[in-house]
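Produce the entire structure from the sequences given, and follow the hints as far as they go.
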Amino acid sequence: MAGTGHPSVSPGFVPQRRAFIAPQPYRLGMLWTIIAVISLTIVGPYLSYKPAPFTGEGSPLRQIVYILTFGLAIYTTRAWRAPMRLLVLPASLVLVLAWCWLSLSWALNPDIALRRLVLTSMLIWTIFILVNNAGYATTMTAIRTVLSVLVLINYVAVIAFPESGIHQFGDIDNDNDLAGSWRGIMLQKNFAGAICALTIMIFLLDGRRLKPLLRWSVILATAFFLIRTNSKTSMGIGALGIFTAWLYNRYNPAYRALLIPAVMILGVGLFILSQIYWKELAEPFNSPAGFTGRVQIWPALIAYAHDHPLLGAGYGSFWNIGLGFGPIFTYAKGWVTGLGNGHNGYLDLLVQIGFPGLGLVILATIIMPLVRLLSSYSAPRPAGGLLVSMIVFCAGHNMTETSLFDRDAIVQVFLMFAIAMIAPVTAPPRRPIPTGAEPHRG
1 MAGTGHPSVS PGFVPQRRAF IAPQPYRLGM LWTIIAVISL TIVGPYLSYK PAPFTGEGSP
61 LRQIVYILTF GLAIYTTRAW RAPMRLLVLP ASLVLVLAWC WLSLSWALNP DIALRRLVLT
121 SMLIWTIFIL VNNAGYATTM TAIRTVLSVL VLINYVAVIA FPESGIHQFG DIDNDNDLAG
181 SWRGIMLQKN FAGAICALTI MIFLLDGRRL KPLLRWSVIL ATAFFLIRTN SKTSMGIGAL
241 GIFTAWLYNR YNPAYRALLI PAVMILGVGL FILSQIYWKE LAEPFNSPAG FTGRVQIWPA
301 LIAYAHDHPL LGAGYGSFWN IGLGFGPIFT YAKGWVTGLG NGHNGYLDLL VQIGFPGLGL
361 VILATIIMPL VRLLSSYSAP RPAGGLLVSM IVFCAGHNMT ETSLFDRDAI VQVFLMFAIA
421 MIAPVTAPPR RPIPTGAEPH RG
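Residues in the sequence shown are numbered from 1 upward in steps of one, following the numbering used here.
These are computed hints drawn from the structure, not numbers from a lab. Wrong hints could be hidden among the right ones.
[Said to hold, decoys possible] Pair by pair, the computed Cβ-Cβ distance ranges are:
#, residue 1, residue 2, range
1, S375, G324, 21 to 31 angstroms
2, R209, P356, 38 to 48 angstroms
3, L95, G322, 22 to 32 angstroms
Backbone N, C-alpha and C fix where the C-beta goes; we use that ideal spot for every residue, glycine too.
Here you go:
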């Protein structure tokens with residue numbers, strides 16, 4: 001049965017979404033630190049960008065700024081006074097990170113892999129420390145602040161500096177297919193498309209407390225910009241994310257929970273059918289232009305995974321680990337060897353950390369978070385629907401782009417924020433001390 005209201009809450013209960021309430025200066029510090037994390041994510045590609053050929057070089061500046069941000073997170077949450085505030089990662093994510101760290105023992109290039117995994121681990125930890133202590137409302141205020149300013153800056157870039165705000169012929173690794181697509185200040189139009197889709201979801205699905213003029217101005221301006229990016233993946237998966245939020249808001253938890261096994265059975269069934277009829281399904285994409293070339297990339301990854309199903313090449317050790325070095329040069333030829341990723345987050349993780357690692361990642365970042373949200377009776381529907389849509393978007397986006405567990409990739413960072421916000425959003429209300437009662441001491 002459909003329902004539109006929240007589960008009933010007794011007047012004697014007041015929702016308490018945080019176990020720790022910091023003094024005002026520290027709350028402001030957490031707000032600004034979250035703003036810094038998101039801002040760094042946006043400019044991060046510029047800090048590490050290097051045109052082809054890729055040699056696996058890291059960016060010391062990139063590492064330093066994230067180390068400083070991690071330090072700020074510890075300071076503003078006052079974790080040095082209560083070290084337990086650092087133990088915020090879900091056990092499922094800890095297990096994933098443990099497997100990734102273990103994979104360094106067989107990584108093809110452990111030095112490069114170590115740098116990449118340190119950044120990934122540190123950023124995930126930073127996000128969870130901040131969200132766990134700042135709470136949902138403060139986190140969303142920071143995210144909306146950055147995204148609303150970014151929309152304005154992107155339009156300024158397109159209008160005032162079109163030679164950089166709009167892709168020109170050959171401006172990114174001689175890829176002329178990008179020409180004419182808007183990107184604003186983002187390095188690439190697919191990054192801009194993902195940010196636009198996430199912005200629309202965040203302002204549309206849980207923005208009723210915002211001033212209507214601001215809210216709808218951001219939504220409409222961002223929607224037009226998204227169209228001009230020509231990022232079809234972000235448009236399609238973004239629409240799917242919004243639809244799942246609508247379903248979440250419409251149905252009660254008991255009925256939403258029934259969708260979980262149904263969706264899983266459907267997914268397994270579709271996978272089996274895709275294997276049976278793979279030749280027929282792949283036929284329309286066999287030309288080099290089909291699906292923007294992705295189908296020419298994926299066979300190399302599948303072949304490597306077939307030969308190394310259990311362990312893979314080690315975290316961060318498949319792509320971009322040295323000029324002329326790496327598995328891709330054995331399993332592919334031509335333009336594919338010059339890429340930095342496989343344009344599929346799941347296949348890229350499969351060739352890095354094997355089937356066990358990929359399974360752990362999917363459980364920790366998609367299945368378990370969705371199960372918790374879909375079955376929650378305490379999550380406010382706007383917030384719960386937004387988090388569901390963000391997870392669905394990030395999961396779907398990785399079908400044609402790579403970001404899952406990839407350092408400070410934009411979609412990966414927003415996925416971690418969404419997962420981190422599940423705990424404060426689904427926390428059950430706590431009964432306050434009755435008026436006039438003495439608090440228990442001792």
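Verification of the supplied hints:
no., hint, result
1, S375 <-> G324: 21 to 31 angstroms, "50 angstroms, violated"
2, R209 <-> P356: 38 to 48 angstroms, "43 angstroms, holds"
3, L95 <-> G322: 22 to 32 angstroms, "30 angstroms, holds"
Checked against the numbered hints above, the structure violates only hint 1.
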